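S.K.: Take the given structure of chain A and dock chain Y to it, following the hints.
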Amino acid sequence: MGKFLIVTGTITYAIQGRDILRKHGYSANMEKTRHGLEHGCGYSISVKGNIEEITAILKKHGVKILDIMSL
Amino acid sequence: MVYLDNAATTGQKPPTVRRAVADALINFSANPGRSGHAFAQRAGEMVYKTREKTAKFFGAETGEVIFTQNCTHSINMAIKGSLMRGDHVIISSMEHNAVIRPIHTLKNNEIINYDIAQVIHGDDDATVRSFERLINEKTRMIICVHGSNVTGEILPIKRIGEICKKRNITFVVDAAQTAGIIPIDCKESGIDFLCIAPHKGLYSPMGLGVLIARKPVLRTITEGGTGSYSNLLVQPEDLPDRLESGTINLPGIAGLSAGIDFIKNTGIERIYKHETELCNMLADLLKKDSNFTLYGTIEKTGFFAPVVSFNLEGFTSMEVADFLSKDGVAVRAGLHCSPLAHQSIGTLESGTVRVSPSFFNTKSDIYALSHALNSIKKRKNIRKNY
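The listed protein sequences derive, respectively, from chains A and Y.
Each residue of the first sequence is one higher than the last, beginning at 13 in my numbering.
Each residue of the second sequence is one higher than the last, beginning at 1209 in my numbering.
Worth flagging that the hints you see were computed from the coordinates, not collected in a lab.
Source: prediction; values computed, not measured.
For each residue, glycine too, the CB sits at the ideal point set by N, CA and C.
One should not assume that every hint holds.
Unchecked claim - Pulled from the structure, derived: some chain A residues nowhere near chain Y, Cβ distances all over 10 Å:
| id | residue |
| --- | --- |
| 1 | M13 |
| 2 | F16 |
| 3 | T22 |
| 4 | G37 |
| 5 | Y38 |
| 6 | M42 |
| 7 | E50 |
| 8 | S58 |
| 9 | I63 |
| 10 | E64 |
| 11 | E65 |
| 12 | A68 |
| 13 | K71 |
| 14 | K72 |
| 15 | I80 |
| 16 | S82 |
Stated by the list, open to error - Not everything, but these chain A residues come out facing chain Y in the computed CB check (under 7 Å):
| id | residue |
| --- | --- |
| 17 | G21 |
| 18 | I32 |
| 19 | C53 |
Looking at chain A on its own, in the form it has when it is part of the complex:
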């Protein structure tokens, strides 16, 4: 289990994803993307846990993931 930064691009996806993950018991936060500008300015979700499970939950709820970084 590691800590990850999931780059979502828009603030809407970031808050939506954060709230969904919290409902699933994860400790998740929304933040302004700080790690590079490959996807331009935008927002991310910082979260700790099994990244495969996390991404599956987000994808199931239609949250668009641009990038995943290991912290």
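M.R.: Chain Y alone, transformed into the frame defined by chain A:
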């Protein structure tokens, strides 16, 4: 001032709305969706929560809620973002200029063609047939006002939505007069684009509109900064960012959030009942006097947006509104930006006097109006004597 012009904008906002607007301006007046500091995050959270709340209130998904400048802006985005050269559009005979003018402009520019479906007053079956008859193989969009801003007549949007779904036609609903007063569920009614004026029935400040976009918008009518994908020169594809370029109206959105709470806590049915009771009370008073002509289908359908349109014999509608204003009663006269609707009820030459109560009006306001109208009638007698 007895304010009875709430179909133009609700004159009195609930204290909770005024406080929410002030709170946003005082405590987190930062640009939402742009920066990462605490103020901006708080602003972004509030905007998201309002988006979520608005979506639930109108039977849509959070990402489908777009904050615009006003309802007309929302309508323009839906129309100009979706229609292609050669498309055919059907609009109702009760549409506001917010619909007629963009459609007519596209026709004048030889991009689309359109037809007008006659609303048969008090006969939903016939109205639905009017729309069906005009559909051809090129029909791509039907645009329909939910409640007329002139007569209050409610159009059968659920039935028209079913036709659109069956024929794969985009369905746009102008809910300027009904959002917050009559329940609307986009999914249940098959609405692809719902256009809302939050400063009316949702008791928000002016300068904010809502578009619920449940179909992809092919073209944008405004491009610019969204706070996302800023390395790209093209407009982002993701909603709501695709349709929300530039800074959005944070205090207005805070007001909308409190406005929806006000409606939910008060009860939309209670609001509707109160406003229609006031309309019925006025209609009953006016019907007793042959000097007044009432328009619309209030007594036929028993279901209408809370608006009463009338004329007083011997006076123009503008004169009546002017006299009422001098007596401290605010109403709206003329064509109400809806020439087709006035043509449909035979008042294109005269216009009408429109009275539109809100939840904050009382029976004493209607008595004050009635008293003021009786005073105006006396002026007619003075006129005759001269």
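S.K.: Each hint: holds or not?
M.R.: Hint check:
1. The beta carbon of M13 of chain A is kept farther than 10 Å from every beta carbon of chain Y, the shortest such distance being approximately 26 Å.
2. With a cut of 10 Å on Cβ distances, F16 of chain A stays outside the contact zone with chain Y, its closest approach being about 18 Å.
3. Against chain Y, the non-interface label of T22 of chain A is violated: not every CB pair exceeds 10 Å, the least being about 5 Å.
4. At roughly 20 Å from the closest C-beta of chain Y, the C-beta of G37 of chain A stays outside 10 Å, upholding its exclusion from the interface.
5. Non-interface status of Y38 of chain A relative to chain Y is upheld: no Cβ of that chain comes within 10 Å, the nearest being about 18 Å off.
6. The Cβ of M42 of chain A does not lie farther than 10 Å from every Cβ of chain Y; its closest approach is about 7 Å, which violates its non-interface assignment.
7. Not every CB of chain Y lies more than 10 Å from the CB of E50 of chain A, the least distance being 8 Å, so the non-interface label is violated.
8. Taking the minimum C-beta to C-beta distance to chain Y, about 12 Å, the non-interface status of S58 of chain A holds against the 10 Å cut.
9. Every Cβ of chain Y is farther than 10 Å from the Cβ of I63 of chain A; the closest lies at roughly 22 Å, confirming the non-interface assignment.
10. For E64 of chain A, the requirement that its beta carbon stay farther than 10 Å from each beta carbon of chain Y is met, with the minimum near 24 Å.
11. Every C-beta of chain Y lies more than 10 Å from that of E65 of chain A, the closest at about 23 Å, which supports listing it as non-interface.
12. With a least beta-carbon separation of about 19 Å from chain Y, A68 of chain A lies farther than 10 Å from that chain, consistent with its non-interface assignment.
13. Consistency note on K71 of chain A: stated as away from chain Y, and its beta-carbon is indeed over 10 Å from all of that chain's, at 15 Å minimum.
14. No beta-carbon of chain Y is positioned within 10 Å of the beta-carbon of K72 of chain A; the least distance is around 14 Å.
15. Remark: the non-interface label on I80 of chain A is consistent with the geometry, its nearest Cβ contact in chain Y lying 17 Å away (cut-off 10 Å).
16. No Cβ of chain Y approaches the Cβ of S82 of chain A within 10 Å, the least distance being about 21 Å, so the stated non-interface status holds.
17. Taken as an interface hint, G21 of chain A checks out: its beta carbon lies about 5 Å from the nearest beta carbon of chain Y, inside 7 Å.
18. At its closest, the beta carbon of I32 of chain A sits 11 Å from a beta carbon of chain Y; the interface hint therefore is violated under the 7 Å criterion.
19. Using the Cβ-Cβ criterion of 7 Å, the hint placing C53 of chain A at the interface with chain Y is satisfied: the shortest such distance is roughly 4 Å.
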